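Protein chains in written order, with my numbering: chain A, 943 to 1322; chain B, 943 to 1322.
Do not rely on the hints blindly, as some may be mistaken.
When chains are identical, the list treats them as one kind, so a pair holds in a single copy or across two.
BS3-like mimics (lysine-lysine), calculated; alpha carbons at most 27 angstroms apart, straight line [stated by the list, open to error]:
id : residue 1 : residue 2
1  : Lys1029   : Lys1111
2  : Lys1084   : Lys1096
3  : Lys1029   : Lys1237
4  : Lys1084   : Lys1129
5  : Lys1053   : Lys1237
6  : Lys1279   : Lys1034
7  : Lys1074   : Lys1029
8  : Lys1148   : Lys1279
9  : Lys1033   : Lys1084
10 : Lys1084   : Lys1111
11 : Lys1074   : Lys1084
12 : Lys1029   : Lys1233
Think of the hints as simulated: they come from the structure by calculation, not from any bench. Treat the numbers as computed from the prediction; the structure is a model and nothing was measured.
Number of protein chains: 2
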Amino acid sequence: MNFTINRSAFISQLNNVLRAISSKTTIPILTGLKMVVNEDNIVLTGSNSDITIESVISANDADNDLTIEDTGAIVLPARFFSDIVKKLPDKKVTIEVTSGFQADITSGSAKFQINGQDAENFPHLPEIETNKSVTLPNDILKEVIRQTVIAVSKQESRPILAGVHMTLKDGVLTAVATDSHRLAQRKVVLENIDNGIDFDVIIPGKSMEELSGMISDVHEDVQMQVTENQVLFIFGNTHFYSRLLEGNYPETNQLIPQTADTTVELDAGTFLASIERASLLSHESRNDVVKLSLKPSENLVRISGDSPDIGTVEEEVGTSALDGNDLEISFNPNYMKDALRSFGQATIKISFTSPLRPFTLVPTEDQENFVHLITPVRTF
Amino acid sequence: MNFTINRSAFISQLNNVLRAISSKTTIPILTGLKMVVNEDNIVLTGSNSDITIESVISANDADNDLTIEDTGAIVLPARFFSDIVKKLPDKKVTIEVTSGFQADITSGSAKFQINGQDAENFPHLPEIETNKSVTLPNDILKEVIRQTVIAVSKQESRPILAGVHMTLKDGVLTAVATDSHRLAQRKVVLENIDNGIDFDVIIPGKSMEELSGMISDVHEDVQMQVTENQVLFIFGNTHFYSRLLEGNYPETNQLIPQTADTTVELDAGTFLASIERASLLSHESRNDVVKLSLKPSENLVRISGDSPDIGTVEEEVGTSALDGNDLEISFNPNYMKDALRSFGQATIKISFTSPLRPFTLVPTEDQENFVHLITPVRTF
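The following block holds chain A by itself, in its conformation from the complex (with noise of 0.2 angstroms):
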């Protein structure tokens, strides 16, 4: 192996590979990360067996100045090997291995020799062979990741919780998260689709917001594909794969209720400023709660909070509309803020049935689209 390539262009690459790397982990040689070099690319491999990120380099694209000298494949410890990249003074860096498994990395008059392992010691990618592949419009599939791993499981009581179920059924994409205190659901209408796609699978929250960080930062349409244990992103240059959790997902369209007795419609910015300053208070009592009293009799909605050793705090929240019976009603601010962020600043809805029945939040344009669930907290 020897190759020679631009050192930021290499950095941009090892960093998006670096993300599926942990150094916790319990098989060694996945601290590694996997180079292998081609006749006119580089393939560079992460894994946490989780998540697996693939990311090719390619010598055609002028940006990567990237001359091949000779082919091989190496694992080197991740870590060492991006910090040293990072740190090297150079503006290009030339990667060596003459023997065994020990690589030279030359840039500028600083020269390091690392010890590596045998690529072919390195786990094998899952093999996907599927025609479920549907392509997802890059800021979709992010709102989509936001607004649902909000609702994804902490606790490890329920495996399956820890994921979010997505379904593609007749061209609408369904994503539902869950930890039981509160369920977020996000519809998106699919174009162009294939006649007959369909798939019912639960990704892992933790792949889904790695997922999201990474395709941040390019502006590309992702491809989906699925097998019936794996998912593959694919965009740019990069292959993100993960592992799907096993079993059933809970039945949810049932938990959402379809009647209200009291709705509200605010300001989602707004609402969210005034549950902080509640939450500084209810935060430092035993029971994490804020209430809301809402009397459409007298067009009024207050907001209050309180620690017995601190104080109290009130507040009158600002509303567009307030409709149906008199209520109070109290929740865990937590849940609350989390809702309100991934509505971003839109006017919503919420819709309430009684103290102790869960309440829900909409955006009051695109009402269908976008569901959050929030179970209320007994206080009496």
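Keeping the supplied structure of chain A fixed, place chain B upon it in accordance with the hints.
Chain B in isolation, oriented as in the chain A frame:
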């Protein structure tokens, strides 16, 4: 107490005082912020018993937009109070204490009620009566702190070394710090100071760091007043008090070698980058050292580091002058990195006597006023 103030002006003074307040204190009232409202100003005080910071907000400064309706004093929980003020909705905030020790905080539609404490229970400020007062240019004081605090000891075994030894004699201010592995000494010739003023004090390194952070935000000169057990720095509308360390600082003058057998001149920034590369590997080995080989006979300086598990690194170092005997010397790269950073982008001269004797770094310009000394590591 009853006043209304521009919220962002208030926040900036709160932030100042908060620097002294720790939530981990054995004296509960010191988690509080003392607020005294006078006829024409508000005085905020925070303290952790080592450092006390006092900030005066004047009604005469139009930026404060301060209206005082009623005087009074109270101690409020510092962290909560500042969190609340930072999150309030309006550009103004009104704070009112009607009876007892409960404060009403109102801004826009939000209203908080916070439990406070009697200001009489807050420890009294040290009284500073002294004629030992000097004025220090802001930039110079920051540089003095930056160049010496790095050598302050983090060990608790010799508490006196946790301070910076500051002396004023014959119009020369000298600051010295050492952790017994390294030493930093900075001298400043003060102009226009009163004849006969001298002092000899040890200021806790932590106080100096805190002070440095605060004077970075202002551009005014700093007045320094010294008494037997306190030092007071005055800048803008802020008083910064620190207790002094008691005891005798070790004699450091004779530690600095006056002769050299090998000297090298080089660019501090470039050398720092080489040390950072070499330390990537040395950090992983049991004894974290890098080796410097100086061969004036061949006009060659080479730095190297290794870690048996990971690999080796070797690099030639560019120099602008190299004289004396050939020498190999090993040192802790962290000490060298700290030292080089304290020189900024200057050209420096490093003077060695033998592999086991401390070596010195000075700027090639102005060699008298700053010297950093490092003790090498024995590797044989």
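We went through each hint and held it up to the structure:
1. Proximity of Lys1029 to Lys1111 under the C-alpha cut-off of 27 angstroms is found in neither arrangement, the shortest distances being 49 angstroms within a copy and 45 angstroms between copies.
2. Taking identical chains as interchangeable, the C-alpha atoms of Lys1084 and Lys1096 lie at most 27 angstroms apart only when both belong to the same chain, with a minimum of 21 angstroms there against 46 angstroms between chains.
3. Taking the closest pair of Cα atoms, Lys1029 and Lys1237 come within 27 angstroms of each other only across two copies (26 angstroms); inside a single copy the shortest separation is 62 angstroms, beyond that limit.
4. Taking the closest pair of Cα atoms, Lys1084 and Lys1129 come within 27 angstroms of each other only inside a single copy of the chain (13 angstroms); across copies the shortest separation is 57 angstroms, beyond that limit.
5. Taking the shortest Cα distances, Lys1053 and Lys1237 sit within 27 angstroms of each other only across copies (19 angstroms), while inside one copy they are farther apart (73 angstroms).
6. Taking the shortest alpha-carbon separations for Lys1279 and Lys1034, only the inter-copy value of 25 angstroms comes in at or below 27 angstroms, while the best intra-copy value is 47 angstroms.
7. In this homomeric assembly, Lys1074 and Lys1029 never come within 27 angstroms of each other (Cα to Cα): the closest approach is 43 angstroms inside a single copy and 48 angstroms across copies.
8. With identical chains, the CA atoms of Lys1148 and Lys1279 are at most 27 angstroms apart within one copy only, with a shortest distance of 20 angstroms there and 37 angstroms across copies.
9. For the identical chains of this complex, Lys1033 and Lys1084 are neighbours neither inside a copy (33 angstroms) nor across copies (35 angstroms), given an alpha-carbon limit of 27 angstroms.
10. For the identical chains of this complex, Lys1084 and Lys1111 are intra-copy neighbours only, at 20 angstroms inside a copy versus 65 angstroms across copies, given an alpha-carbon limit of 27 angstroms.
11. Proximity of Lys1074 and Lys1084 under a CA criterion of 27 angstroms is satisfied intra-copy only: 20 angstroms inside one chain copy versus 63 angstroms between copies.
12. Taking identical chains as interchangeable, the C-alpha atoms of Lys1029 and Lys1233 lie at most 27 angstroms apart only when they sit on different chains, with a minimum of 19 angstroms there against 53 angstroms within one chain.
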